[in-house]
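Residue strings, one per chain:
Number of protein chains: 2
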Amino acid sequence: MSERTHHCGTLTEKHVGEEVKLTGWVQKRRDLGGLIFIDLRDRSGQVQVVFNPEVSSEALDIAEKVRSEFVLSVKGTVIAREEGTINENVPTGRIEIQGKELEIINSSKTPPFSISDDNEINEDVRLKYRYLDLRRPIMQETMKLRYRVTKMIRDFLDQQEFMEIETPMLTKSTPEGARDYLVPSRVHPGQFYALPQSPQLFKQLLMVSGFERYFQVVRCFRDEDLRADRQPEFTQIDIETSFLGQEGLMSMMEDLMVQMASEVRGFSVQTPLPRLTYAEAMERYGSDKPDTRFGMELINASEIVKESGFKVFASTVLDGGEVKAINVKGQAGNYSRKDIDLLTEFVKRYGAKGLAWLKFEENELKGPIAKFFTDEEKQGLLAALEGEEGDLFLFVADSKKVVADALGALRLKLGKDLDLIDESVLNFLWVVDFPLVEYDDDANRYVALHHPFTMPKEEDLDHLESNPGAVRAKAYDLVLNGYELGGGSQRIYQRELQEKMFKTLGFTEEAAKEEFGFLMDAFEYGTPPHGGIALGLDRLVMILAGRNNLRDTIAFPKTASASCLLTNAPSHVSEKQLNELHLAVKVEKENGQKA
Amino acid sequence: MSERTHHCGTLTEKHVGEEVKLTGWVQKRRDLGGLIFIDLRDRSGQVQVVFNPEVSSEALDIAEKVRSEFVLSVKGTVIAREEGTINENVPTGRIEIQGKELEIINSSKTPPFSISDDNEINEDVRLKYRYLDLRRPIMQETMKLRYRVTKMIRDFLDQQEFMEIETPMLTKSTPEGARDYLVPSRVHPGQFYALPQSPQLFKQLLMVSGFERYFQVVRCFRDEDLRADRQPEFTQIDIETSFLGQEGLMSMMEDLMVQMASEVRGFSVQTPLPRLTYAEAMERYGSDKPDTRFGMELINASEIVKESGFKVFASTVLDGGEVKAINVKGQAGNYSRKDIDLLTEFVKRYGAKGLAWLKFEENELKGPIAKFFTDEEKQGLLAALEGEEGDLFLFVADSKKVVADALGALRLKLGKDLDLIDESVLNFLWVVDFPLVEYDDDANRYVALHHPFTMPKEEDLDHLESNPGAVRAKAYDLVLNGYELGGGSQRIYQRELQEKMFKTLGFTEEAAKEEFGFLMDAFEYGTPPHGGIALGLDRLVMILAGRNNLRDTIAFPKTASASCLLTNAPSHVSEKQLNELHLAVKVEKENGQKA
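Sequence order for the protein chains is A and B.
Here our numbering is used: the first residue of the first sequence is -4, the next is one more, and so on.
Here our numbering is used: the first residue of the second sequence is -4, the next is one more, and so on.
FYI, nobody ran anything at the bench for these hints, they're computed from the structure.
Treat the hints with care, as some may be off.
Copies of the same chain look alike in the list, so a pair counts if it works inside one copy or between any two.
In silico DSS-like pairs for lysine-lysine, Cα to Cα no more than 30 Å straight-line [to be verified]:
{"no.": "1", "residue 1": "Lys333", "residue 2": "Lys373"}
{"no.": "2", "residue 1": "Lys452", "residue 2": "Lys104"}
{"no.": "3", "residue 1": "Lys508", "residue 2": "Lys123"}
{"no.": "4", "residue 1": "Lys571", "residue 2": "Lys581"}
{"no.": "5", "residue 1": "Lys60", "residue 2": "Lys508"}
{"no.": "6", "residue 1": "Lys301", "residue 2": "Lys395"}
{"no.": "7", "residue 1": "Lys60", "residue 2": "Lys581"}
{"no.": "8", "residue 1": "Lys9", "residue 2": "Lys333"}
{"no.": "9", "residue 1": "Lys60", "residue 2": "Lys452"}
{"no.": "10", "residue 1": "Lys123", "residue 2": "Lys9"}
{"no.": "11", "residue 1": "Lys123", "residue 2": "Lys498"}
{"no.": "12", "residue 1": "Lys95", "residue 2": "Lys139"}
{"no.": "13", "residue 1": "Lys495", "residue 2": "Lys123"}
{"no.": "14", "residue 1": "Lys508", "residue 2": "Lys571"}
{"no.": "15", "residue 1": "Lys301", "residue 2": "Lys495"}
The structure displayed is predicted, hence computed values, not measured ones.
For reference, chain A alone in the conformation it holds in the complex (with noise of 0.2 Å):
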């Protein structure tokens, strides 16, 4: 085969009379008067070659066999088009090639689907003919986005002298945090690895180690149950520093993200970026990684219906929960009472008990509740929620916790079905002072709510075992538009607090040491202050690219049920390899034995 001398998509008025020879794939082919015309496209974009009898017959006769994704080779001349042809849409819309040669390198039956965005194609196709998908203009530019922002970001960080340092996909298992994946150990009968949910520990045992500066883009595992922004794998961005502290983190973190966003989106980020509390965010968003790309903020309501007539109100006020609301601005007369059931059933599923309402119209509060309120309260609640004529305002009263994830959620639904939000713009911030812990009433006890290993804020250090709920996390998140882009923290690094911390956590001495004993002996020599964080890539490139769904951004994902529609993985292995790896299968038959 004859090696290409251009790319189709870079030709132009300035290659002109050149001889060029290319390869590529036919996206199109069509035959008018006498001629074919077939659309070229390589990597680079696509070019029109034109076969015409009067230049060869030759390579006119081998183009009529051509179809559809034929891989060719052709050689020819580069003309300029007639005034009338110009396709100004394409960047080589103002020449062709007039084919001289021309070679089939391979042929191609009918692909399942045609290689164009124009079309919705099912998934589970797109999926089983990933390769064929992966062709399409918008898969290979999202793979090119992810490309790009990954090396900028190596390139941001390499000049910020950190150093990538591989940690091992063969580590421990261990019982906090998500579930792992194991892997059998054929030498070690009975014996597993695990595939790390991170590199945590060994990313600050190489601070230990000294490298003060340590990155990773690296594969992550969680054998969670998945949802439509999770995928088995993923890849995350590790990074950990010593010496540095949270804020000289977080302000790296954001001229990464300045130069990110003006590189890929031409996006100009302005900094410092907003800093909520998680007590903040929770309060005015139900949600610790808040969309603020538009208003319509929970509105706390309970200190002026907790003496109300109507009853839920006020008695959950004196319950100890508590009664927020959202101004739906504009919208009373588009929410008719079936809209608002529909509603109802929406908040229910976040574990609220209803969804109470309320229109300001005609200068009144109306609706079934209306009554239940003085003119006192109702000024209390127009004042509150800067109720104006037309508005909507929608209520959730239950305990904080239900409260927040309901409205939160409501609020979401809502400013996605008004059209509310500004697709155009990405806004970043941080949620700082997280709990350190939180009281898990399945297990009976408290859990990290980052991990194990996140510094208390020094002026909480004293709660930590007289009221664990109570103390704050030197924790941060990367929130950009309603999404966590990452998670970090600053690290214990004294063994005496780890100690603490992992008893706080209902550790006994003897599992704390078994599992994390390494850790602990590694801060007794001389373990310098250390903090990082991690981004997701993945979701991080779902956005910069403006796609909603984490698998257009992953080449070969997996479904739902963690399959790979395109291999059939996962799949049924031999007996021989069951036995080398000291394992016996037990599925549950149909009938509910064990087989």
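For this one, chain A is given, so just place chain B on it according to the hints.
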């Protein structure tokens, strides 16, 4: 803690008079004449800090508590050292810091070994305390070199318009190749993912997708019994291209090696790199990865001795074997019979039945077998072996394979023993024209020498069915100083040929379809000619860093039994975890019963 103003190792006479803040580890503390001297170390190097009671008795008091590997924050003034105390051996040796304020950030127990390169430390101890081992200068340097090499490769490939694309870690188990590490699926009972031995199928699919130039720095896994230069997980520079061809790819890799050797080692590599066919490499060096840093090539003496009176030689040649020899130049006087007996033991490990020898002393061939040869045969041997006074000739007579293995290994051993190897050079070379398949006596079928996707040479295609063993592959290995740095090939890109190849390897049509159907399906949709290469990063770094142990190039390596001495992975997991994965462990108890 105060933020540092400088890094320890960067301070020079230019900074004299400046106030600086430093953070770092105590390399050494000395007390001398009422003063305390501390060598403070950070990632950049170290600097001497002096605490003087006349400057700050407070700081001196704290300095008295300081021990090796404590973490300190120091504030002081850079001063020039007095004439007699200048140390030209360290970059900061002309200055020191007059310490004014001192804070102990963290303390340290006495480390199990000193943080220096001076002493030999037991490797198990190093691996258990890897976080301290990694503080040693040589380990810091090796990790930096690894990072620089990786960055350089990434930047080189970026300039060549390659894109890094991530492929799955949880993928499908395939029976070809080495043993897979398996990952049980929780969602699909009884089914398993496999960790990739290489992203081979995915990178080929990316070529089908039209990405044209792909690379990935990627972790790969093989569950094999480990040797000194193997790790269960290793990192590969994985490269695949479309439309480039074997010559184009090899030339690009040569450019990369030239740049790397120059930047990392200041070594000038001449291109084009030497090439040996597989047949020639085996003939001359008894190895498909010859170390060409010294001569002592294998000389075929079969023709000369085939009718000699030494029956062992004559009958070996008659039976289709061969007789080959190496000339150990000028060593006749240095090898006693006893020494040669030891060499005989050595070659027996490679299957040889014995080692015959001759010495050329006093212008005469001497040794127990000398009497069996005619003068003509003796002259023939001397001519072929370029024998001179004082040379020792060592012979192995056996099957072609045993001769190559035994004499090839003996050549390497003697090269090392006799110090014939110039450690300062980087001898790159290509080995090409590998056999496509070889017969596996255990499996009783042909197996692929590289893998089943390797393209046969066009001129040999006709023999694929009639005489598979004679077919050469479009495969090429890059060899450096006797190590296989990487291997690659052009790939099959047409379904019919791939089917024929699987048939040659003994696959039934159903098995081929079950395992690799998705790849063969892909070949039907316009697959471009493609090929690639994969380089072993760990080994490349090992050679460039002048180390001789792969573990020294990996931050957290595994031992020969695939254990991590730091974290104690692998380890036992809970019943709950096993139940979730539908697995039971079958461990043989000491009496041989299954548990």
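Now for the hints, and whether the structure bears them out:
{"no.": "1", "hint": "Lys333 with Lys373", "result": "within (24 Å within a copy, 108 Å between copies)"}
{"no.": "2", "hint": "Lys452 with Lys104", "result": "between (63 Å within a copy, 26 Å between copies)"}
{"no.": "3", "hint": "Lys508 with Lys123", "result": "between (47 Å within a copy, 15 Å between copies)"}
{"no.": "4", "hint": "Lys571 with Lys581", "result": "both (16 Å within a copy, 13 Å between copies)"}
{"no.": "5", "hint": "Lys60 with Lys508", "result": "between (71 Å within a copy, 29 Å between copies)"}
{"no.": "6", "hint": "Lys301 with Lys395", "result": "within (15 Å within a copy, 95 Å between copies)"}
{"no.": "7", "hint": "Lys60 with Lys581", "result": "neither (55 Å within a copy, 60 Å between copies)"}
{"no.": "8", "hint": "Lys9 with Lys333", "result": "neither (64 Å within a copy, 78 Å between copies)"}
{"no.": "9", "hint": "Lys60 with Lys452", "result": "between (72 Å within a copy, 28 Å between copies)"}
{"no.": "10", "hint": "Lys123 with Lys9", "result": "neither (42 Å within a copy, 64 Å between copies)"}
{"no.": "11", "hint": "Lys123 with Lys498", "result": "between (49 Å within a copy, 25 Å between copies)"}
{"no.": "12", "hint": "Lys95 with Lys139", "result": "neither (33 Å within a copy, 53 Å between copies)"}
{"no.": "13", "hint": "Lys495 with Lys123", "result": "between (51 Å within a copy, 25 Å between copies)"}
{"no.": "14", "hint": "Lys508 with Lys571", "result": "between (37 Å within a copy, 21 Å between copies)"}
{"no.": "15", "hint": "Lys301 with Lys495", "result": "neither (41 Å within a copy, 81 Å between copies)"}
In summary, the structure is inconsistent with hints 7, 8, 10, 12 and 15 from the numbered list given earlier, while agreeing with the others.
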